[in-house]
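Trainee: Single-letter residue listing:
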Amino acid sequence: MTYARVQQFYAAQMRLLDDGKAEEWAATFTEDGEFGQDRRPAPRRGRLDIGAGLRRAADALAERGAVRRHWLGMLTVDERPDGTLHTRYYALVIETPRGGVAALHLSTAVDDVLVRHGDSYLVRSRYVVHDGHTA
Amino acid sequence: MTYARVQQFYAAQMRLLDDGKAEEWAATFTEDGEFGQDRRPAPRRGRLDIGAGLRRAADALAERGAVRRHWLGMLTVDERPDGTLHTRYYALVIETPRGGVAALHLSTAVDDVLVRHGDSYLVRSRYVVHDGHTA
Amino acid sequence: MTYARVQQFYAAQMRLLDDGKAEEWAATFTEDGEFGQDRRPAPRRGRLDIGAGLRRAADALAERGAVRRHWLGMLTVDERPDGTLHTRYYALVIETPRGGVAALHLSTAVDDVLVRHGDSYLVRSRYVVHDGHTA
Numbered sequence: 001m002t003y004a005r006v007q008q009f010y011a012a013q014m015r016l017l018d019d020g021k022a023e024e025w026a027a028t029f030t031e032d033g034e035f036g037q038d039r040r041p042a043p044r045r046g047r048l049d050i051g052a053g054l055r056r057a058a059d060a061l062a063e064r065g066a067v068r069r070h071w072l073g074m075l076t077v078d079e080r081p082d083g084t085l086h087t088r089y090y091a092l093v094i095e096t097p098r099g100g101v102a103a104l105h106l107s108t109a110v111d112d113v114l115v116r117h118g119d120s121y122l123v124r125s126r127y128v129v130h131d132g133h134t135a
Numbered sequence: 136m137t138y139a140r141v142q143q144f145y146a147a148q149m150r151l152l153d154d155g156k157a158e159e160w161a162a163t164f165t166e167d168g169e170f171g172q173d174r175r176p177a178p179r180r181g182r183l184d185i186g187a188g189l190r191r192a193a194d195a196l197a198e199r200g201a202v203r204r205h206w207l208g209m210l211t212v213d214e215r216p217d218g219t220l221h222t223r224y225y226a227l228v229i230e231t232p233r234g235g236v237a238a239l240h241l242s243t244a245v246d247d248v249l250v251r252h253g254d255s256y257l258v259r260s261r262y263v264v265h266d267g268h269t270a
Numbered sequence: 271m272t273y274a275r276v277q278q279f280y281a282a283q284m285r286l287l288d289d290g291k292a293e294e295w296a297a298t299f300t301e302d303g304e305f306g307q308d309r310r311p312a313p314r315r316g317r318l319d320i321g322a323g324l325r326r327a328a329d330a331l332a333e334r335g336a337v338r339r340h341w342l343g344m345l346t347v348d349e350r351p352d353g354t355l356h357t358r359y360y361a362l363v364i365e366t367p368r369g370g371v372a373a374l375h376l377s378t379a380v381d382d383v384l385v386r387h388g389d390s391y392l393v394r395s396r397y398v399v400h401d402g403h404t405a
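Chains as they are written, first to last, in the working numbering: chain A, 1 to 135; chain B, 136 to 270; chain C, 271 to 405.
Each hint should be verified, as a subset may be incorrect.
[What the hints assert, rightly or not] Just some of the chain C residues that point at chain A, by a computed CB distance under 10 Å: (1) Tyr273; (2) Gln277; (3) Tyr280; (4) Ala282; (5) Asp288; (6) Gly290; (7) Ala332; (8) Gly335; (9) Val337; (10) Arg339; (11) His340; (12) Leu342.
[Claimed, not checked] Simulated DEER-style distance windows between Cβ atoms: (13) Gly46/A to Thr272/C: 38 to 46 Å; (14) Gly118/A to Asp154/B: 36 to 44 Å; (15) Ser120/A to Tyr262/B: 46 to 54 Å; (16) Ala332/C to His221/B: 42 to 50 Å.
Calculated directly from the structure, the hints in this document are not laboratory data.
These numbers were taken from a predicted model, which means no experiment stands behind them.
The beta carbon of each residue, even a glycine, is placed where N, CA and C say it ideally should be.
Model the full assembly from the supplied sequences, consistent with the hints where possible.
Mentor: Here's what the structure looks like:
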């Protein structure tokens with residue numbers, strides 16, 4: 001049950017990301033949510049900052065006429081006594097230019113902490129490690 | 136339960152597609168099933184038409200000695216009061232030429248309507264949007 | 271339930287593989303586990319042999335500074351009366367060189383036989399067919 005619910009949460013969340021719905025996407029994080037990446041010096045903190053980052057990225061993509069799809073897979077879900085879910089998964093970014101051919105853009109490994117929110121979840125923290133990244 | 140069942144339905148359906156089993160694949164649609172794509176002017180309608188389309192594609196692939204794999208992911212399943220399931224997912228086509236290297240061929244986003252059929256499902260309608268497609 | 275458990279088993283197993291944890295990975299097979307591939311003349315048999323194969327591959331990858339990610343998808347699980355699970359799935363290998371761009375390395379189709387082991391599973395046998403392979 002939990003596993004399928006988490007899978008659907010991520011499917012919906014990534015759809016918002018790929019559709020460039022910055023505010024709705026930011027709202028899938030907790031108010032004080034944190035989004036860190038190995039190739040950024042500091043994490044984004046809070047919905048405003050997280051949403052603003054997507055807004056810029058989505059505008060740049062739209063200008064180039066490209067479509068991105070985030071794929072998650074190889075998901076494990078670990079339920080902790082405090083009710084949080086610690087998840088780990090791989091994520092790919094696939095990009096298709098207008099009139100062009102789909103190509104792999106990125107391969108990553110991600111660690112999330114999720115908290116329950118009604119029938120679904122919110123991301124309290126996310127940390128993305130980019131394959132091939134060199135500091 | 137439903138979510139896992141739908142995942143397995145799609146896994147089996149895509150296996151039939153990739154194995155070129157045109158008639159068995161067509162039988163995973165309802166008799167009057169509809170298969171539309173943004174890059175075709177009109178949808179295929181009914182099992183005969185849907186199966187014939189796969190037969191031609193599978194023959195062309197076999198002639199070139201290439202293998203295709205359809206991957207579905209980022210699936211959401213929405214159960215409607217009328218008993219139908221409205222699903223959304225991403226789909227990739229990965230092609231490997233004989234003696235060659237696997238490559239991304241297509242990235243798409245798909246909307247289906249499924250109806251129950253015994254322990255499994257049939258596709259009543261499918262609509263595929265191809266990333267990068269320009270009218 | 272079973273389906274989600276099997277999905278998580280594979281996610282954890284592939285993580286061990288991609289992290290190069292040879293002994294822990296080998297321990298996800300039964301003692302007499304068998305790992306066959308269409309492009310090898312004979313299967314690996316037993317944990318020692320299976321682990322040694324991964325150890326060599328992981329060392330070679332580490333030397334080149336590359337990261338590999340195994341993705342499984344399109345999974346079907348068939349429970350047999352004897353309690354074993356016969357699974358079929360597609361698997362991709364995605365490789366990212368240090369400082370470079372992620373690329374598809376391999377597309378495969380796999381057949382496994384799993385046996386229950388506590389709350390999880392062990393692989394009794396695995397057979398991998400490589401797309402594009404020519405004998």
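Trainee: If a hint holds in the structure, say so; if it doesn't, say that too.
Mentor: Hints, one by one, checked against the model:
{"no.": "1", "hint": "Tyr273", "result": "holds (9 Å)"}
{"no.": "2", "hint": "Gln277", "result": "holds (7 Å)"}
{"no.": "3", "hint": "Tyr280", "result": "holds (7 Å)"}
{"no.": "4", "hint": "Ala282", "result": "holds (6 Å)"}
{"no.": "5", "hint": "Asp288", "result": "holds (8 Å)"}
{"no.": "6", "hint": "Gly290", "result": "violated (14 Å)"}
{"no.": "7", "hint": "Ala332", "result": "violated (14 Å)"}
{"no.": "8", "hint": "Gly335", "result": "holds (9 Å)"}
{"no.": "9", "hint": "Val337", "result": "holds (4 Å)"}
{"no.": "10", "hint": "Arg339", "result": "holds (5 Å)"}
{"no.": "11", "hint": "His340", "result": "holds (8 Å)"}
{"no.": "12", "hint": "Leu342", "result": "holds (7 Å)"}
{"no.": "13", "hint": "Gly46/A to Thr272/C: 38 to 46 Å", "result": "holds (40 Å)"}
{"no.": "14", "hint": "Gly118/A to Asp154/B: 36 to 44 Å", "result": "holds (42 Å)"}
{"no.": "15", "hint": "Ser120/A to Tyr262/B: 46 to 54 Å", "result": "violated (26 Å)"}
{"no.": "16", "hint": "Ala332/C to His221/B: 42 to 50 Å", "result": "holds (46 Å)"}
When each numbered hint is compared with the structure, violations occur for hints 6, 7 and 15.
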